[in-house]
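2 protein chains.
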Amino acid sequence: MPYDLYYWPGLPGRGEFARLVLEAAGVPYRDVARLPEAEGGGVAAMQAFMVGRGHDGPLPFAPPFLVEGELVVSQSAVIAAFLGEHHGLAPEAEAERIFARSIAVTTADLVAEAHDVHHPVGVGLYYEDQKPEATRRAAEFRESRMPKFLGWYEALIARNPHDSGTLVGPDITYADLGLYQVLRGLAYAFPKRMETLRPDYPLAHALADKVDALPRIAAYRASDRATGFNENGIFRHYPELDAA
Amino acid sequence: MPYDLYYWPGLPGRGEFARLVLEAAGVPYRDVARLPEAEGGGVAAMQAFMVGRGHDGPLPFAPPFLVEGELVVSQSAVIAAFLGEHHGLAPEAEAERIFARSIAVTTADLVAEAHDVHHPVGVGLYYEDQKPEATRRAAEFRESRMPKFLGWYEALIARNPHDSGTLVGPDITYADLGLYQVLRGLAYAFPKRMETLRPDYPLAHALADKVDALPRIAAYRASDRATGFNENGIFRHYPELDAA
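Each protein sequence line maps, in turn, to chains A and B.
The first sequence begins at 6 in my numbering and counts up one residue at a time.
The second sequence begins at 6 in my numbering and counts up one residue at a time.
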C-alpha cells in the first residue's frame, strides 16, 4: 500500500521535507490533497482526516502528515526521519541515526523562523498587517540567525569523521535533503543575503549541489509533482525584507 | 556511565523536557552546566562542548543536549523520545511509538510559540525592546493558539483507544511528561487565560495531575534539582500579556 501524504497544495512548505525523502527513496505515495475529490483527494479530505472523520487513529496537529494503515505520523522532521530510516536514507550506526533526528528537528526550527520573518505577530494575520514587525525580525534573521544556522551545518560537514561531505554518516540521508531544501528556500526568499553569505559555506552548498544532481531528485524537479516557491509558502520573497 | 545533560542553569526551559524523563525513569544523570567548574561543570563547559572543544562528536545547535560516550542528542523532543524509548517511558507498539514522537515535536513547537510571545521580533533583543509587538502576538497566542494546542491534546486523550487517560498508548509516556510541563508553564505565564480555559480541557488537566503525583516526579519537585519558572525562561509571567 502506498503512503498517503497530506499537505496543502500549491506550495512546497513543510510538506516538501517529507516529499523529498519519498522521491529520493523512490517510494510510491499519493499526495492526497492534490488529488481530485473524485479520487478521495482534495483539501476537504485532508481536513476531514484532521478532525478524525472516517478513521479511529490519532489526530495530527497540522499538515504535513503521513498515513499508512494504522500509522499516522505528523511533523515534517518526524516524517522525514521515519521515512529515511525505513527506506535507506538514514545512517545505520545508532549514534548517527539519533543525531540525524536532531538535525531534522533543527532544520524544522529554521523553517519556522524563516516563516516567522513574514509573520512575527502571528499566523492569523496577513503579512500586510505586520510589515513593520516583519522588517525588524527580518534584520535579525538575516544578520544573526542565518549565519548561525548555516555555520552549524557547515561545521557538521567539516567535522563528519566519514569525510563524506554529508551532515552525518557516510552517505546522503534525509538530513541532507532537508538542508538542500532549506538552502533553496533561503536563496528564493533572501537572494541578496544568500549571495553575500555563499562563500562562507562552501561545504553546505556543495552538498546541496550533490543532492540536486541525484537522478531521482532531478527527475522530481522536472516533474509536475514539484511545486515552486511562492508567496503563499514558508519561504517568501518580499524584496523589502532582503538585503546583502 | 550516567548521562550528561547540558542546559542553561537557573531556568527550567527546554531542558526540563529532557530532565523530566530522566527523573521519571529514575535514570542517573549529571546536570553539567549546574555543576561546579572544579567538577568539569558550568556554562563554560557547555559552551566548550558546543564549539567542539575536547571532543570529536557532532555539535549540538543549542542546549539542551545529552551526551553519553559517542552519543550526542540535541533538541528537547528528540532527547525526550530517545530517553523515553530506552527507559520504559514510550509506547511499545510501533505506530504509537512513532506518534509519540510527533506529539513531542508538536509540544516543542508550542514551547517555541510561548517563547515568541515575549520575543516576537527576535531572540537578540530584550523583551523591553519589543513590547508593542509582544502585546499583539500575545493576543493571538491566548485567543487562537492556546485553545488550538490544548484542544488537540484533549482530543488525543479522548480518542486514545486504550482509554488510559494518556495521550498515546496504554501508559504514561514522555509525551505526557511534556504536556504536564507545558500546562504548568502556561499556568505560570498566563494564569488568567488558563483559568478561563481550564474547564474546556478536563482530560488534559487530569493527566497532568496524574503525572504530578508520580512518586519520582513528586520527589523531583521537592528536590533542589528542580528550578521554578522565572522571567529568564521560556514561560514568563508578564501580567500585561495575560488576559482572561
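Misleading hints may appear alongside valid ones.
Copies of the same chain look alike in the list, so a pair counts if it works inside one copy or between any two.
[Stated by the list, open to error] Here are the computed lysine to any residue pairs in the SDA-like style, where the Cα-Cα straight-line distance is at most 25 angstroms:
id	residue 1	residue 2
1	LYS215	ALA227
2	LYS153	GLU133
3	LYS136	ALA117
4	LYS197	LEU76
5	LYS153	ARG226
6	LYS136	GLU245
7	LYS197	GLY74
8	LYS136	GLU97
9	LYS197	ASP176
10	LYS153	ALA249
11	LYS153	PRO207
12	LYS153	ARG203
13	LYS215	LEU76
Hints were generated in silico from the structure; no laboratory data involved.
These are the hints, each one checked on the structure:
no., hint, verdict
1, LYS215 <-> ALA227, "within (16 angstroms within a copy, 53 angstroms between copies)"
2, LYS153 <-> GLU133, "between (28 angstroms within a copy, 24 angstroms between copies)"
3, LYS136 <-> ALA117, "both (18 angstroms within a copy, 21 angstroms between copies)"
4, LYS197 <-> LEU76, "neither (42 angstroms within a copy, 38 angstroms between copies)"
5, LYS153 <-> ARG226, "neither (29 angstroms within a copy, 35 angstroms between copies)"
6, LYS136 <-> GLU245, "both (10 angstroms within a copy, 23 angstroms between copies)"
7, LYS197 <-> GLY74, "neither (45 angstroms within a copy, 42 angstroms between copies)"
8, LYS136 <-> GLU97, "neither (46 angstroms within a copy, 47 angstroms between copies)"
9, LYS197 <-> ASP176, "neither (31 angstroms within a copy, 51 angstroms between copies)"
10, LYS153 <-> ALA249, "within (16 angstroms within a copy, 38 angstroms between copies)"
11, LYS153 <-> PRO207, "within (15 angstroms within a copy, 42 angstroms between copies)"
12, LYS153 <-> ARG203, "within (13 angstroms within a copy, 39 angstroms between copies)"
13, LYS215 <-> LEU76, "neither (32 angstroms within a copy, 27 angstroms between copies)"
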